[in-house]
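Line order of the protein sequences matches chains A and B. Just so you know, this note's numbering puts 304 at position 304 of the first sequence, and the rest follows in order with no gaps. Just so you know, this note's numbering puts 184 at position 184 of the second sequence, and the rest follows in order with no gaps.
Fair warning: there could be bad hints in the mix.
As the list claims (entries may be wrong) - Label-pair ranges, simulated between beta-carbon atoms:
1) A:Q50 / B:G238: 40 to 50 Å
2) A:A90 / B:Y198: 23 to 33 Å
3) B:Y198 / A:S252: 50 to 60 Å
4) B:R323 / A:N441: 51 to 61 Å
5) A:T474 / B:L325: 46 to 56 Å
6) B:Y198 / A:D391: 51 to 61 Å
7) B:A322 / A:D75: 14 to 24 Å
8) A:R517 / B:R8: 51 to 61 Å
9) B:D314 / A:L56: 25 to 35 Å
10) B:R328 / A:D257: 57 to 67 Å
11) B:R328 / A:A90: 49 to 59 Å
12) A:A90 / B:A322: 12 to 22 Å
13) B:L325 / A:A90: 20 to 30 Å
14) B:Q249 / A:K400: 29 to 39 Å
Said to hold, decoys possible - Listed below are the simulated DSS-like cross-link pairs for lysine-lysine, each with C-alpha atoms no more than 25 Å apart in a straight line:
15) A:K260 / A:K337
16) A:K6 / B:K112
17) A:K221 / A:K3
18) A:K3 / B:K163
19) A:K6 / B:K195
20) B:K200 / B:K163
21) A:K400 / A:K374
Stated by the list, open to error - Short derived list, chain A residues pointing at chain B, Cβ under 10 Å:
22) D9
23) A12
24) D66
25) L69
26) Y74
27) L86
28) M87
Please keep in mind that the hints were generated in silico from the structure rather than gathered at the bench. We treat Cβ as the ideally placed atom computed from N, Cα and C, and that holds for glycine.
Letter by letter, the chains look like this.
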Amino acid sequence: MNKFAKLLDRLAYEPGRNNKLRLIADYLRTTPDPERGFALAALTGALSFQHAKSGLIRTLIAERTDPVLFELSYDYVGDLSETVALMWPADPAKRPNAIPSLSDVIETLSTLGKAQLPSQLARWLDGLDETGRWALLKLVTGGLRIGVSARLAKTAAASLGGKEPNEVEILWPGLAPPFTELFAWLEGRADMPVSRDPAPFRPAMLAHAIEEADFAGLDPKDFSAEWKWDGIRVQAVAGNDENGEMVTRLYSRTGEDISKSFPDLAEALRMPGSIDGELLIVRDGHVQSFNVLQQRLNRKAVTPKLLQEFPAHLRAYDLLVDGTEDLRELPFADRRKRLQSFIEKLNNLRIDLSPLIPFDTWDELTAARANPSKAGTDSEAVEGVMLKRRDAVYVPGRPKGLWWKWKRDPLVVDAVLMYAQRGHGKRSSYYSDYTFGVWTNGEAGDQLVPVGKAYFGSTDEELQKIDRFVRNNTIERFGPVRVVTHDPDKGLVFEVAFEGLQRSTRHKSGLAMRFPRISRLRWDKPPREADRLEGLEKILTKIETGRSARPSLVGEG
Amino acid sequence: MTYLSAMRPEEILTPTPSGVCCQTGGFHIDPTRPVDKAVITHGHSDHARPGHGAVLATQETLDLMRLRYGENFAGSTQAAIPGETLTLGGAKVTFHPAGHVLGSAQVAVECKGLKIVASGDYKDAPDPTCAPFELVPCDVFITEATFGLPVFRHGDTSGEIAKLLHSVAVFPERAHLVGAYSLGKAQRVMALIRKAGYDKPIYLHGAMEKITNYYVSRGIDLGELRPVRGADKTELAGAIALCPPSALQDVWTRRFPDPLPCFASGWMRVRARARQRGVEFPLVISDHADWDGLTTTIAATGASEIWVTHGQEDALVHWCKARGLRARPLAIVGYGDEEESGGGAEGGSGETPAAQP
Numbered sequence: 001m002n003k004f005a006k007l008l009d010r011l012a013y014e015p016g017r018n019n020k021l022r023l024i025a026d027y028l029r030t031t032p033d034p035e036r037g038f039a040l041a042a043l044t045g046a047l048s049f050q051h052a053k054s055g056l057i058r059t060l061i062a063e064r065t066d067p068v069l070f071e072l073s074y075d076y077v078g079d080l081s082e083t084v085a086l087m088w089p090a091d092p093a094k095r096p097n098a099i100p101s102l103s104d105v106i107e108t109l110s111t112l113g114k115a116q117l118p119s120q121l122a123r124w125l126d127g128l129d130e131t132g133r134w135a136l137l138k139l140v141t142g143g144l145r146i147g148v149s150a151r152l153a154k155t156a157a158a159s160l161g162g163k164e165p166n167e168v169e170i171l172w173p174g175l176a177p178p179f180t181e182l183f184a185w186l187e188g189r190a191d192m193p194v195s196r197d198p199a200p201f202r203p204a205m206l207a208h209a210i211e212e213a214d215f216a217g218l219d220p221k222d223f224s225a226e227w228k229w230d231g232i233r234v235q236a237v238a239g240n241d242e243n244g245e246m247v248t249r250l251y252s253r254t255g256e257d258i259s260k261s262f263p264d265l266a267e268a269l270r271m272p273g274s275i276d277g278e279l280l281i282v283r284d285g286h287v288q289s290f291n292v293l294q295q296r297l298n299r300k301a302v303t304p305k306l307l308q309e310f311p312a313h314l315r316a317y318d319l320l321v322d323g324t325e326d327l328r329e330l331p332f333a334d335r336r337k338r339l340q341s342f343i344e345k346l347n348n349l350r351i352d353l354s355p356l357i358p359f360d361t362w363d364e365l366t367a368a369r370a371n372p373s374k375a376g377t378d379s380e381a382v383e384g385v386m387l388k389r390r391d392a393v394y395v396p397g398r399p400k401g402l403w404w405k406w407k408r409d410p411l412v413v414d415a416v417l418m419y420a421q422r423g424h425g426k427r428s429s430y431y432s433d434y435t436f437g438v439w440t441n442g443e444a445g446d447q448l449v450p451v452g453k454a455y456f457g458s459t460d461e462e463l464q465k466i467d468r469f470v471r472n473n474t475i476e477r478f479g480p481v482r483v484v485t486h487d488p489d490k491g492l493v494f495e496v497a498f499e500g501l502q503r504s505t506r507h508k509s510g511l512a513m514r515f516p517r518i519s520r521l522r523w524d525k526p527p528r529e530a531d532r533l534e535g536l537e538k539i540l541t542k543i544e545t546g547r548s549a550r551p552s553l554v555g556e557g
Numbered sequence: 001m002t003y004l005s006a007m008r009p010e011e012i013l014t015p016t017p018s019g020v021c022c023q024t025g026g027f028h029i030d031p032t033r034p035v036d037k038a039v040i041t042h043g044h045s046d047h048a049r050p051g052h053g054a055v056l057a058t059q060e061t062l063d064l065m066r067l068r069y070g071e072n073f074a075g076s077t078q079a080a081i082p083g084e085t086l087t088l089g090g091a092k093v094t095f096h097p098a099g100h101v102l103g104s105a106q107v108a109v110e111c112k113g114l115k116i117v118a119s120g121d122y123k124d125a126p127d128p129t130c131a132p133f134e135l136v137p138c139d140v141f142i143t144e145a146t147f148g149l150p151v152f153r154h155g156d157t158s159g160e161i162a163k164l165l166h167s168v169a170v171f172p173e174r175a176h177l178v179g180a181y182s183l184g185k186a187q188r189v190m191a192l193i194r195k196a197g198y199d200k201p202i203y204l205h206g207a208m209e210k211i212t213n214y215y216v217s218r219g220i221d222l223g224e225l226r227p228v229r230g231a232d233k234t235e236l237a238g239a240i241a242l243c244p245p246s247a248l249q250d251v252w253t254r255r256f257p258d259p260l261p262c263f264a265s266g267w268m269r270v271r272a273r274a275r276q277r278g279v280e281f282p283l284v285i286s287d288h289a290d291w292d293g294l295t296t297t298i299a300a301t302g303a304s305e306i307w308v309t310h311g312q313e314d315a316l317v318h319w320c321k322a323r324g325l326r327a328r329p330l331a332i333v334g335y336g337d338e339e340e341s342g343g344g345a346e347g348g349s350g351e352t353p354a355a356q357p
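All chains should be modelled from the sequences, with the hints used to inform the complete structure.
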């Protein structure tokens, strides 16, 4: 555990991709099986034990420390695992003889009953130092967050055998921790591992966000365009097992098996193959907005009533496997033809083809993106346009230049900073989490009502400037929260961009924003000129009745 | 100890926003604005400021002030000898080593049987570059709280130095730049590196040369030291260089091959602090007492009343009260800086504009 903890610690600080690769590869090369395999599993998020809840960690530390000192420390450090790792009373008398290995920890966790977890965890914490405790807590709570992607860890593993990362990526879904056959192959001691899963996940191909400047270098003739649907990206896979039985599975974009949550959709795929598409809710032939899909996602129990009210649907983008034939090496244009005939043959109302957008010039596509009502009454579920090179093969990961996503412009509102809190993680000494509000009629005239919360800090300079503003204009404090001056004439206006609005009983304003983020600082604007709640309510009504082109409260400038 | 008279400690030492003032002795301790008579605990710039009428401090502190501020840093000076008691007006004043940096001292003020110790900044951990902290039993103990949260446990410095030397071995093509405050921390880090057996030359940023030379002149052996100035890039591959923390982000670092920014500070215990400063290699080495150091020292003084000058005073005051001690924060403006707590507290105690290259 200590060697792994040291690796994590070093990785967490190392910004350079190549240095990270060097550190991981060095660890994998110098650490024996199965320890290194479990480390690779931890780095790639491939571990599947029941994660400890943060409540359990809080209970453990509460039994050992003063609650006031804990709260002050947590507020200062900004990270629960780290706070506990540092505060844990290291009693030499309780230190066990052996320091637990990563393999011990993971193997124990996968069989441990829930009731034994607290005492086991405490024993491990007693046996480790600050860094070891930190790594252990990150691991058991399931959030390493050390700036290492699964892709980077696989690339480091591939480098052990001088292989391309995609060779590992393609094998990956058929492998399981501690990956001894993978390492044996990489080190030239065995053949390439073979997957026997009849319906495996295949790593998804992802798009880059396109910028204005990118278009200059692109020829419209090379590209197909289709709508980017606002649901959840899934992969529906069917295949026959050794007994000739059809196995069907639905995977999320990251390969998580979500068949159980969507039995209505999983059973619709009655032909061997693998479809890459978008999961949507379709009622009476109309695609519903993400708000509606969210309601199904929020329910834990899958009841007949839920299935009937929120029927799941697959809009197909791509075909990765047809029967048993892997199509991923074919160009997109060819896969699209195969997809078309596959969907026709399947002939199931729940699975249809994502229509292409005809265009000859970027101007035509720009016009289509600005007015997706051409996609019919479903336009509310369109979140933009996808561009795919006709000759692109299906590559796992996010290859540059093959697929582009071109999202619709977000909604924007001018809101006033009301409360600020110190951020977490990298921002923990700065007041970087902001609650902002818009004007509404109150008992004593106009008053601000909070409509959302977001953090900000695209550059350190801006972050420091707001931080200074908050510290100099604090009018009151509630624990870690500072109330910042928000008068009609004095205060800070944010331009807030967001993707949608929902009704919410949790918020005083009665609505909640989807993905709010601060898009611009309006030092120039007096708070009295910020927007009003009535304006947001109008947008919400339009969204709900499906009548909206993209409404916006804020004009240019 | 119990009070022999009905005298309140505030009548002996009165806290003011610019430092504590002894009316009967006619002096201030570590005043943050110019006064007639100042008693100075140590040479860091947030405690030792220029422009006082008369200054009483240890010889080392006076020398360091002279190095930083020039010959005329005060109207007159008097060197205090640790352990010797002076009478100033109605008060008896004694200096005791504080273990913080070279020359650092606690100031004990006694009046009518009531003893107050102003400890300045201190640490109870070993330091090869200064006299060790001396415990002074007292009625009122004035303590700092720079690292006054139970997350601050500085641990063993030898482990941190071993981590640094290991990295030097693993990345022999990179220069390891160690940011450290130029008075105290830098010399301690160098002494620790030598203790760990590293015998190659250590390179110095220009801003560190004067104070480091002073340490060497006081008999502290730091091995072969070379200025970074004038060294060529190939010579600096695999080298360890000490610099003020502010230089880590400076164009100054461009003269090094693939520099690895390291930072030696107690703040490095908290990841977010290290990352905010762009540090890629944190070294948890501090010249202040950590949480355990603060709490054991407070308990060991036997004081029934604790005054907390600066840092994380809320937590320390809470800890004291939970143990039945009277405790209060002093809210002195200018020791460390709450707004700059990501290093400013120590930053204030080592960096002056004059010390920049």
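Task: Hints violated by the structure (numbers, ascending) - done: 5, 11, 15, 16, 17 and 21
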